[in-house]
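Novice: Please build the complete structure, drawing on both the sequences and the hints.
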Amino acid sequence: MYDKYLTRFDIRGNQLTNIPESITKLTNLAELDLSDNPLETPSIEIAEKGIESIREYFQ
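The numbers in this note's numbering rise by one with no breaks, and the one at position 30 of the sequence shown is 30.
To be clear, the hints were calculated from the coordinates, so they are not data collected in a lab.
A portion of the hints provided could be inaccurate.
Computed cross-link-like contacts, DSSO-like style, restricted to lysine-lysine with a CA-CA straight-line distance of at most 27 Å [as the list claims (entries may be wrong)]:
no. : residue 1 : residue 2
1   : K4        : K25
2   : K4        : K49
3   : K49       : K25
Computed Cβ-Cβ distance ranges for the label pairs, DEER-style [claimed, not checked]:
no. : residue 1 : residue 2 : range
4   : Y5        : E45       : 25 to 33 Å
5   : S43       : S22       : 14 to 22 Å
6   : K4        : E45       : 13 to 21 Å
7   : T17       : K49       : 24 to 32 Å
8   : D3        : G50       : 12 to 20 Å
9   : P20       : E45       : 14 to 22 Å
10  : E40       : Y5        : 27 to 35 Å
11  : T41       : G13       : 25 to 33 Å
12  : P38       : K4        : 24 to 32 Å
Ideal Cβ placement from N, Cα and C applies to all residues, glycine included.
Specialist: Encoded structure:
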């Protein structure tokens, strides 16, 4: 499937409040831009630290 090739995902400015746990299945994802979204889960503080922090949050 195409997701194994996804290394960068830019979803900034989409009014997202929640990031699904399934994002952790994108194993090659190295960069995730969530800026300008009113995130609640995980918190913006966690999301700003990057994809590894998001993965840890969902463990």
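Novice: Hint by hint, note whether the structure agrees.
Specialist: Cross-check of the supplied hints:
1. K4 / K25: 9 Å, holds
2. K4 / K49: Given that 27 Å is the threshold and the Cα spacing comes to 22 Å, the pair holds.
3. K49 / K25: Status holds; Cα separation ~18 Å.
4. Y5 / E45: 25 to 33 Å: 30 Å, holds
5. S43 / S22: 14 to 22 Å: 18 Å, holds
6. K4 / E45: 13 to 21 Å: Violated - the Cβ-Cβ distance for K4 and E45, about 29 Å, lies outside 13 to 21 Å.
7. T17 / K49: 24 to 32 Å: At roughly 18 Å between Cβ atoms, K49 and T17 fall outside 24 to 32 Å, so the hint is violated.
8. D3 / G50: 12 to 20 Å: 18 Å, holds
9. P20 / E45: 14 to 22 Å: Given range 14 to 22 Å: holds, Cβ gap about 19 Å.
10. E40 / Y5: 27 to 35 Å: 30 Å, holds
11. T41 / G13: 25 to 33 Å: 18 Å, violated
12. P38 / K4: 24 to 32 Å: Cβ of P38 to Cβ of K4: about 30 Å, so the range 24 to 32 Å holds.
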